[in-house]
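**Student:** Sequence:
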Amino acid sequence: MPVASFLLEPRPYLEGVAEFDWSHDGDRLAYHTPRPGDPLFISDNGLRSEKRPVFTAPAGLHAHFPLWSPDAAFIYFVQGEPPDKLDIWRIRPDGGTPERITSHNGRVTYPVLLNQRTVVYLAGDPDGSGPWLYGLDVERRIPHRLTSDLEQFTSLSASADGRRLVTTRTAPDRTLWRMTIDDSLAGASSSTQVPSSTGVSGVGRIPLTTSPGFSPRFGPNYFLYVSKTGTGEGVWKLADGKSTELWQGEDARVFGGPAISRDGRYVAFSIRRREQKLLYVMQSDGANARVVADSLDLQGNLEWSPDGQSITTAVTDHGSPHLWRIPVDGRPPTTFVSDYSVDPTWSPDGRFVVYSGPDIGSTFSLRAVTTGNAPYPLPAPTLTRGARRVTFLPGRRSLVVLRGEIQHKNLWLIDLETGAERQLTHLAPEFDIQDFDISPEGREVVFERVQERSNLVPLDLERP
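Here the sequence shown stands for residues 1 to 464, where the numbers follow our numbering.
No lab work stands behind these hints, which were simulated from the structure alone. One should not assume that every hint holds.
Stated by the list, open to error - Computed list of lysine to aspartate or glutamate pairs in EDC-like fashion (alpha-carbon distance at most 20 Å, straight line):
(1) Lys51 with Asp27
(2) Lys85 with Asp317
(3) Lys85 with Glu444
(4) Lys228 with Asp263
(5) Lys242 with Asp94
(6) Lys85 with Asp27
(7) Lys51 with Asp94
(8) Lys85 with Asp71
(9) Lys51 with Glu19
(10) Lys237 with Glu444
(11) Lys228 with Asp317
(12) Lys242 with Glu275
(13) Lys228 with Asp161
(14) Lys237 with Asp294
(15) Lys85 with Asp285
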């Protein structure tokens, strides 16, 4: 086919392929499909393999970034639980037991092999910072960070001779915005687009004395957010236009966002400090902050139970996250949901809790159980990865969810009794929402916007 014709009439080469890599001799293709476990196949001469997959990740885990070694003796890949429990593994092309190469248990992405022994990749630190550029000798397996704390990266590639890298260096900007929801709950009109400026009626950026601001949560007559302060992150309170720091921890990273009790008197939040995760509870003015859990592998969002006596959050146990109840009075924590479950949100009447199931390809499902751990039927749809926050519209059996592409979503309302769905916002394409919350009266939404300011950076490597 002439080149011009091929460019004008693109055709699929292999359908149903998520990621792939050609061997260096160009004879074999390693690829995985988006089915559960991201099954890895080997294709000869570009034909779709009819054989069993070389490898399939265990239930609840993913395997991405397949990469041939220069001698085709191994296929390297990233395996684990997205987004921040990942490592590099390798396996023989004919199958067998995979071999773990790194031990970050973090946000590991984009491995590239410079030669037979040297792999370069991106990885975040256990405290949630990064990602940074790392190098590793696959035989010695001691990782070395190659960049400073001031540089963060989102992608990585290498030239064929392994002597030059090209990276995407980024400086993320996280800001908080406010939007009103009208009486009909239809949200902004279909013609309303939120631009980069703050001059749209009913929509505006929230001025903060701190920067950045993220993970907003509404309380009565105030809202909380998280911001970086010094070498760590802190929980801040905005009331009457004034920001007050309630808690700050050196080298601490707050994850999952703070949770406010239903009476507004107490705040719970999870932090990651080096290798340890801690669950704190304090009064809403920041007084009497204390640790209520210090030995659990906490994960995702957390929520106060309806009676205010415990915290519901996910704990990773035996490799998978499950919802636990963690009493605030010192009693032992207990497992609540035995299935894969993260990011809980309780119904307004306290009869059931909604949570996220495992990622399947680029999607995840919403599920629910009653207080007695019986399944509760949901008409809610399967949602797209990228942001997992869901919450109830106050006083109603309606869920507010983020729906759309991985990096651009809008708020939707789902009536759990009728299954009716309604779009609440029509945000401009440059708006990437990572987190949000609804005010107690259900008339206002505050959301976290992330802007990635990126540029490509070539890196020449020294010759041995």
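**Student:** Does each hint fit the structure? Answer for all of them.
**Tutor:** Structure-based check of each hint:
1. The straight-line distance between the Cα atoms of Lys51 and Asp27 is roughly 17 Å, inside the 20 Å bound, and the hint therefore holds.
2. The straight-line distance between the Cα atoms of Lys85 and Asp317 is roughly 13 Å, inside the 20 Å bound, and the hint therefore holds.
3. With a C-alpha separation of about 34 Å, the suggested pairing of Lys85 with Glu444 is violated against the 20 Å cut-off.
4. For a cut-off of 20 Å, the pair hint linking Lys228 to Asp263 is broken: about 27 Å separates their Cα positions.
5. The suggested pairing of Lys242 with Asp94 is violated, with an alpha-carbon distance near 62 Å, which exceeds 20 Å.
6. The suggested pairing of Lys85 with Asp27 is violated, with an alpha-carbon distance near 33 Å, which exceeds 20 Å.
7. For the proposed pair Lys51 and Asp94, the alpha carbon gap of about 11 Å is at most 20 Å, so the pair holds.
8. Simply put, Lys85 and Asp71 have alpha-carbon atoms about 29 Å apart, too far for the 20 Å limit, and the pair is violated.
9. Proximity of Lys51 to Glu19 is assessed by CA-CA distance (about 18 Å); at most 20 Å being required, the pair is judged to hold.
10. Pair hint Lys237 plus Glu444 holds up; C-alpha atoms about 17 Å apart against a cutoff of 20 Å.
11. Pair hint Lys228 plus Asp317 does not hold up; C-alpha atoms about 30 Å apart against a cutoff of 20 Å.
12. A threshold of 20 Å between alpha carbons decides the hint, and for Lys242 with Glu275 the separation of about 34 Å lies outside it, so the pair is violated.
13. For the hint pairing Lys228 with Asp161, the CA-to-CA distance comes to about 40 Å; that exceeds 20 Å, so the pair is violated.
14. Our distance criterion of 20 Å between C-alpha atoms is broken by Lys237 and Asp294, whose separation comes to about 25 Å.
15. Taking the CA atoms of Lys85 and Asp285, the gap is near 34 Å; set against the 20 Å cutoff, the hint is violated.
The structure does not agree with the numbered hints 3, 4, 5, 6, 8, 11, 12, 13, 14, 15 stated previously, though it agrees with the rest.
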